[in-house]
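**Q** Please put together the full structure from these sequences, using the hints given.
Protein chains: 2
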Amino acid sequence: MTTIDKTTLEQVRLGVVGLGGRGSGLLSLLLNMDDVVIPAISDLYDDRMEKNADSVYKKRGYKPDTYKDYRQLLQRKDIDGVIIPSSWTVHAEIAIEAMQSGKYAAMEVGGASSIDECWDLVKTSQRTGMPCMMLENCCYGREEMALMNMIKKGLFGELIHCQGGYEHDLRSEVSNGIVNRHYRFRNYENRNGELYPTHELGPIAKYLNINRGNRLLTLTSMSSKSRGLHKYIMDNMGPEHHLASVDFTQGDVVTTMIKCAHGETIFLIHDTTLPRPYSRGGRVQGTKGIWTEDNASIYFDGISPLDQWEPFKKYMETYEHPLWKWYREEGVRGGHGGMDYLVLRAYVESIKNQTDTPIDVYDTATWMAVTCLSEESVATGSTPVVVPDFTNGKWIDRGQPLPGKYSLDVIE
Amino acid sequence: MTTIDKTTLEQVRLGVVGLGGRGSGLLSLLLNMDDVVIPAISDLYDDRMEKNADSVYKKRGYKPDTYKDYRQLLQRKDIDGVIIPSSWTVHAEIAIEAMQSGKYAAMEVGGASSIDECWDLVKTSQRTGMPCMMLENCCYGREEMALMNMIKKGLFGELIHCQGGYEHDLRSEVSNGIVNRHYRFRNYENRNGELYPTHELGPIAKYLNINRGNRLLTLTSMSSKSRGLHKYIMDNMGPEHHLASVDFTQGDVVTTMIKCAHGETIFLIHDTTLPRPYSRGGRVQGTKGIWTEDNASIYFDGISPLDQWEPFKKYMETYEHPLWKWYREEGVRGGHGGMDYLVLRAYVESIKNQTDTPIDVYDTATWMAVTCLSEESVATGSTPVVVPDFTNGKWIDRGQPLPGKYSLDVIE
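First to last, the sequence lines map onto chains A and B. Taking the numbering used here, the leading residue of the first sequence gets 1, the next gets one more, and so forth. Taking the numbering used here, the leading residue of the second sequence gets 1, the next gets one more, and so forth.
Some hints here could point you the wrong way.
To be verified - Here are the computed lysine-lysine pairs in the DSSO-like style, where the Cα-Cα straight-line distance is at most 27 Å:
(1) B:Lys152 <-> B:Lys405
(2) A:Lys153 <-> B:Lys231
(3) B:Lys231 <-> A:Lys152
(4) A:Lys225 <-> B:Lys231
(5) A:Lys225 <-> B:Lys153
(6) A:Lys313 <-> B:Lys313
Simulated from the structure, these hints should not be mistaken for laboratory data.
**A** See the structure below:
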């Protein structure tokens, strides 16, 4: 990033582009922050804008301006940052325009459609000096941050292998996507790959110092057949329903293996159209220990009883991340166990302090890129594909990451 | 297989080639079978032969002949089958010679060194009419067989994805391998791949009807760096120990993705040189449900409480495989929870009834091949490699598998 002015803002003025379920949720979290003002919001649908403008009014006593065309929102000079919880395929282009208009960009999670749009994000950020942050809430999860703390303290030894997944039965959500104006449906109807890697890859990338002394080198992906959505529609909507003839291209289970520059491996699994309880399928494994999410257990060589798992909870409490210690004392708030608030707050404080964001444009581009790279690999029979180095070699020695309460790289 | 004579043998006469820890263990199980006679045994080491010949004498009152050169054992006419718990890299060549000498071959588990030796197994079996069975004990595990029963009864719906692993901390065993004349050491010192796939792949291949209407198409493998063994040696033997300078090539974690002809995917993990409790990391996932081993849980759509795992144990008892029902009534015996006895018994009964074996030469060749294919993929940067069709197209319509109490394809 180019140097950022060291002014500190008293108030942070944010626009929100995209007011579906996720946009509304993030907005209500922002409305609880006294130092945040929402001058304007944007969506393609009037009803969504009205509903959300009303929420702002009820909570804060003013009505934000509403824009069907987000470009008009971006033209305003009284906005410091733009939050983009729009549909997946327009995250990058809106973020690029936001940076071009001199605003901090914050994208909701999702994958890229092309490597080119990832490069555009990076180059726009470099040229404009404006940060671009993916709002990857799971980086701020309590478990993930405690693990980060244990990793930095050396409990796992040298990291060797990590796993994660997005294992979430979305059959109902996707099948009802057209009715609910939800973007997933059209993606599942047409694409095939690791569509949603960042909930697990974000924290893993931070554990492995990706883009700061390490990088993702290559990946290969494999897709199973697609059966879950069609069966769900047949069973629940019936063979006469117009969706019964949809040919979904997205495989039910897509697995991805990634190799890192320092020899670590990462395994990802995308599993969203078969019946199952939710999991992010986490695993962190090093020369001294292993944590696995599905049995909520941990094992440390020479510490745990030989060959016996111990409950992760005990270690999580002992190695609580400083941010979460503070947060639990202050009172945990907001969605998804509190991490939505933290990731938003990390973004807001970066604007306030006029610093770079703890998830920066290189992180954002790298994590998003996994989606289109995995599509490429699946399409070519699991051929390994190269993950671009969006830092152009700077990952080797990018210097110390920014310190600060919300840092994901430094434990203070 | 060519047609086998329908004679039924009253006694089965077996030779054992390879009398390390595993060979001795199998031999003592055989000594408890009244219809099995052991005319001869073979090993490279005299002490092992003497010790095992003594065991036979103590238990059964006769001493088997001993041969340093297994070829002499194979020349005998009074042997019906040869069990080969030798070191990995000679399983195939001994099995081939055993079939050539008109004997049922039974190999202990392990991977192949080349595709060529897999083809040789298949062609030798076809030419001689002698069966060749991999003694994959996990195919006869209680959990695995109950799962097979549930799969055949349709509880999982259409199968989509399976996982398994060999996740076993072998640092002590491998590091002490030279002292203990164990074959693993030299493999870990020189190879890099999915060295030991069959404990998990065997049952999965049976679930997915591999070589009977389905087949393994392609695979891709990735290896992490190698750190666990060196660190273990440094920590436990010291930097002055001669093993401290060994450059182990085998990555600590090797992951493999396999695509099947009918669109199912399989994920395998080989994880044997880092600290951890044992697991075979199983997962079976279909359109109606999912089982995962690490949390000992199962979930069936519309049966389990919404989004909640249920204990697998309950279902295992309800859907106990008929073989295990009988076995538990008879009394479970022998190593590894009883499955060692069952797999040996399956082999012995095939000889007695002069039928093919329930794990046949095509199964054996296909499962073993994964090892050298994964080495090839790792060596070429995770390039996808084609799994040979050892049936030469017969997998499409091989007809009904053999019925029988020990069948892994038919539930009676």
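**Q** Against this structure, judge whether each hint is valid.
**A** Hints and how they fare:
1. Under the criterion of a C-alpha separation no larger than 27 Å, the hint pairing Lys152 (chain B) with Lys405 (chain B) is consistent with the structure, at around 16 Å.
2. With a C-alpha separation of about 18 Å, the suggested pairing of Lys153 (chain A) with Lys231 (chain B) holds against the 27 Å cut-off.
3. Among the hinted pairs, Lys231 (chain B) with Lys152 (chain A) is consistent with the structure: their alpha-carbon atoms are about 19 Å apart, no more than 27 Å.
4. For the proposed pair Lys225 (chain A) and Lys231 (chain B), the alpha carbon gap of about 41 Å is over 27 Å, so the pair is violated.
5. Between Lys225 (chain A) and Lys153 (chain B) the alpha-carbon distance is near 21 Å, which keeps this suggested pair within the 27 Å criterion.
6. The straight-line distance between the Cα atoms of Lys313 (chain A) and Lys313 (chain B) is roughly 24 Å, inside the 27 Å bound, and the hint therefore holds.
Hint compliance for this structure: hint 4 alone is broken.
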